[in-house]
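Trainee: Below, each chain spelled out in residue letters.
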Amino acid sequence: MAAPEILLNVVFYVLAAAAIGGAVAVAASKNIVRSAFALLAVLFSAAALYAVMKADFIAAAQVLIYVGGILVLIIFAVMLTHRITDVKLSNESTPGPAAFCACLCLLFSLVVVILFTAKWPRDAGEVRVPADGNEVFLRQYQADGATGLAFGGSAFEGSVVLSLRLETPPKTVDYVKFIAVSGAEKKTVSVPFQKGVTKAELHDLPEGDWHWFAELSVPGEDKAVKVESSAGRDFAVYRGVTEPIAMALAGPYLFAFEVVSVLLLAALVGAAFLARKEVKE
Amino acid sequence: MIFTRHPLEHMLLLSAIIFCSGVYTILTRKNAVSILMGVELVLNAANINFVAFSQYTGHGGVHGNIFTIFVILLAAAEAAVALAIIIGMYQNFGKVDVDQADNMKE
Chain A
21 MAAPEILLNV VFYVLAAAAI GGAVAVAASK NIVRSAFALL AVLFSAAALY
71 AVMKADFIAA AQVLIYVGGI LVLIIFAVML THRITDVKLS NESTPGPAAF
121 CACLCLLFSL VVVILFTAKW PRDAGEVRVP ADGNEVFLRQ YQADGATGLA
171 FGGSAFEGSV VLSLRLETPP KTVDYVKFIA VSGAEKKTVS VPFQKGVTKA
221 ELHDLPEGDW HWFAELSVPG EDKAVKVESS AGRDFAVYRG VTEPIAMALA
271 GPYLFAFEVV SVLLLAALVG AAFLARKEVK E
Chain B
88 MIFTRHPLEH MLLLSAIIFC SGVYTILTRK NAVSILMGVE LVLNAANINF
138 VAFSQYTGHG GVHGNIFTIF VILLAAAEAA VALAIIIGMY QNFGKVDVDQ
188 ADNMKE
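Sequences listed follow chains A and B, in order.
Counting the first sequence from 1 gives a position; our numbering is that position plus 20.
Counting the second sequence from 1 gives a position; our numbering is that position plus 87.
One should not assume that every hint holds.
Derived BS3-like pairs: lysine-lysine, alpha-carbon spacing no greater than 27 Å straight-line [claimed, not checked]: (1) A:K139 / A:K219; (2) A:K215 / A:K243; (3) B:K117 / A:K246; (4) A:K219 / A:K206; (5) A:K74 / A:K50; (6) A:K219 / A:K74; (7) B:K117 / B:K182; (8) A:K297 / B:K182; (9) B:K182 / A:K50; (10) B:K182 / A:K206.
Computed footprint of chain A on chain B; a stretch qualifies when at least three of its residues, placed anywhere within it, have a C-beta under 8 Å from a C-beta of chain A [stated by the list, open to error]: (11) 102-115; (12) 118-125; (13) 128-135; (14) 158-164; (15) 175-187.
The set of hints was computed from the structure by calculation and includes no laboratory data.
Cβ coordinates follow ideal geometry from the N, Cα and C atoms, glycine included.
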């Protein structure tokens, strides 16, 4: 395992421990002030986990809105409560063996579903392409130079692994040329043919929608065998996730965004109305 | 089983634990502010799931991230209204325990 991968693992487990510890403290702490500050730990860990998942914009929004807005509001509400240190007054909880058992059952069923029943698609699936009596399977996934992770169809880092697998491989294929095209951009890499899976990495891809194909060069023949999937767009390259989010919010999600804005305004007006002091006549 | 080999499962298990803590908080607390904290935990667990699915299973989309933004915005609206209701409850009943507000029972 490479050093960056070890570091990523350590970072994840530290953040996960902080988040779980905070969540359990929110649920179990007798003192409501401690609950509020444990919630702070959970929200900050969640923001850092978004950064681990490369959702940088979400991490920023989490810190700004959750930690800076919602949590400060909650802590104010807690601090303004009369006699908060009195546990009986401030954070009385019903004795909950039944609730505890229910939550354990819920957790158990969630774990079973996550680990054993559900099969989540992890990478872009293989595409089968016929070529000269051979079935060729084309597939791509994201190459993360730092960690060696295999991701789904988007290459946020500008690197992608292209792979090709021949059913009943002939002995005659010499090398494979992978060609990726996006508009006028073209990247090519040639690798010697491998039995089983032939892989090639492309790095420093410019942003855009990419289509790729492979050419199998057969010695003795001057024309290479071209294998190509029918999809027009095989993967997209982003630099960070902020710009795609902005484009989507200004495009297909524009109406939803406006509705949420109006809802937020209505909620704030309603909150101000609810919280005003009743004028006695 | 380590994180970088199975990132999606790790994130889902983490969010399942946070979700169950939130549900437990909602079920057992009487104080309305504590219940609001439990709701925030549940919403955060859902957000982690959205981003994890968007990142680790995606077919070239950021749709999970956009849903997370909407959830965060709705959580902000919900927290503002909930705290206003809690203030109103305090003015009417002198307490913020949710079992005190029972004047619709009769």
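Trainee: The structure should be examined with respect to each hint, and the outcome stated for every one.
Mentor: Each hint tested on the structure:
no., hint, result
1, A:K139 / A:K219, "holds, 25 Å"
2, A:K215 / A:K243, "holds, 21 Å"
3, B:K117 / A:K246, "violated, 68 Å"
4, A:K219 / A:K206, "holds, 18 Å"
5, A:K74 / A:K50, "violated, 36 Å"
6, A:K219 / A:K74, "holds, 25 Å"
7, B:K117 / B:K182, "holds, 11 Å"
8, A:K297 / B:K182, "holds, 16 Å"
9, B:K182 / A:K50, "holds, 18 Å"
10, B:K182 / A:K206, "violated, 68 Å"
11, 102-115, "holds (count 12)"
12, 118-125, "holds (count 6)"
13, 128-135, "holds (count 4)"
14, 158-164, "holds (count 6)"
15, 175-187, "holds (count 4)"
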